[in-house]
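**Student:** Chains as they are written, first to last, in our numbering: chain A, 13 to 125; chain B, 11 to 124.
Misleading hints may appear alongside valid ones.
[What the hints assert, rightly or not] Below, a list of computed lysine to any residue pairs in the SDA-like style, where the Cα atoms sit at most 25 Å apart:
no.: 1; chain 1: A; residue 1: K72; chain 2: A; residue 2: V23
no.: 2; chain 1: A; residue 1: K112; chain 2: B; residue 2: V15
no.: 3; chain 1: A; residue 1: K112; chain 2: B; residue 2: A12
It is worth saying that the hints were derived from the structure and are not from the lab.
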Amino acid sequence: GNSVTQMEGPVTLSEEAFLTINCTYTATGYPSLFWYVQYPGEGLQLLLKATKADDKGSNKGFEATYRKETTSFHLEKGSVQVSDSAVYFCALSTGGGGNKLTFGTGTQLKVEL
Amino acid sequence: EAGVVQSPRYKIIEKKQPVAFWCNPISGHNTLYWYLQNLGQGPELLIRYENEEAVDDSQLPKDRFSAERLKGVDSTLKIQPAELGDSAVYLCASSLGGSSYEQYFGPGTRLTVT
Chain A
13 GNSVTQMEGP VTLSEEAFLT INCTYTATGY PSLFWYVQYP GEGLQLLLKA TKADDKGSNK
73 GFEATYRKET TSFHLEKGSV QVSDSAVYFC ALSTGGGGNK LTFGTGTQLK VEL
Chain B
11 EAGVVQSPRY KIIEKKQPVA FWCNPISGHN TLYWYLQNLG QGPELLIRYE NEEAVDDSQL
71 PKDRFSAERL KGVDSTLKIQ PAELGDSAVY LCASSLGGSS YEQYFGPGTR LTVT
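Looking at chain B on its own, in the form it has when it is part of the complex (with noise of 0.2 Å):
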């Protein structure tokens, strides 16, 4: 069985452009998280899926971050405009849903902004 998917892998852009990261999910998976990692930090929820409805947004940056789940299965997060403090590792996560599952972590994105 397939992993968490995500691209790209590394990603080096300078700042006020705009960048985005893909998520595909587990199959059958209805929760998707995404994750922002600082380094040498724990990861921090950024949002919370389930299915296409955003439940848990509320650590999301709306001025510049957005994020889309469009028919319930991969995932878009969007910067735009990319500022310096951005650069971090962006984790998508799935689980199959409820409160009881194992969220399960892709490899992540590694954002570096010039």
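One chain only, chain A, in its complex shape (with noise of 0.2 Å):
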């Protein structure tokens, strides 16, 4: 069945400094990927997705690349603000975003001063 494993959390940063965090995914066929943000007390927003290999995904100064050979969808950001501080969870879908997502568990970010 599909899959996704993201890095464990929280992951804690100063402001300005890079971001990565790591996704990979198991799926059957050839999955949608994409990353969600979750900032306290609200719904689960899209971040950013890429839906075939070479893709590359941004929005807000946010990255990804969808790798098939390594089947992975790494997050980055080259300057983090504390008003990225969310969980971030990767996702994917074996029928484009409109079927059902699988997800990982999420990462933390804290982005302090």
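Bring the two chains, given one by one in their own frames, into a single complex with the hints.
**Tutor:** Next up, the structure:
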């Protein structure tokens, strides 16, 4: 079956530091890959997505590249801000974004001044 | 545009009691999802509706959980009777439909069973 593995948190960084959150997946077929973000007290929001191998998703300074050879979709940002503090979820869908999403366990990011 | 609305936001009940959660999706969204999120875990799909039809309920524990989406708009998820292990956040999401549309999530209902 489908599964997503992401690095455990919490990840604590100083403002302006470089961020990497690792995500690897197992799936049948050719999944679409997503990063969702959950700010305190709010629902999950789609941060970025990639639908085929070598695609790069990007939004708000965050990037992730769909690597089929390593079955990975690592999230990166060059300079984090305090406002980026949230829980980040990697997810996949084998039927596009409208079908069942399989999520990782989430990685909490804390950014300090 | 209003987002996905869920109520209540928090609910505390004693075990063996019934509980219901309500979700109103974004206007025009044909597909509605209920997810369960345990503490420290990612959400897991319970049921997916396309309009009024439940097209994927394979993960819904049917002995105690039920859901309905009358008229293909808002939806109710019920647990009867609740157990201690049902304490979690219940998330509702909606999308325009088909296989290529983003899912929009509500803030969730946090259930505590004592």
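**Student:** For the pair we were handed, A/K112 and B/V15, check the Cα-Cα distance against 25 Å.
**Tutor:** Holds, at about 20 Å.
**Student:** So if I understand the rule, the pair passes when the alpha-carbon distance is 25 Å or less; does A/K72 with A/V23 pass?
**Tutor:** 19 Å, holds
**Student:** With a cut-off of 25 Å on the C-alpha distance, tell me whether A/K112 and B/A12 pass.
**Tutor:** 23 Å, holds
In the structure shown, no violation is registered for any of the earlier numbered hints.
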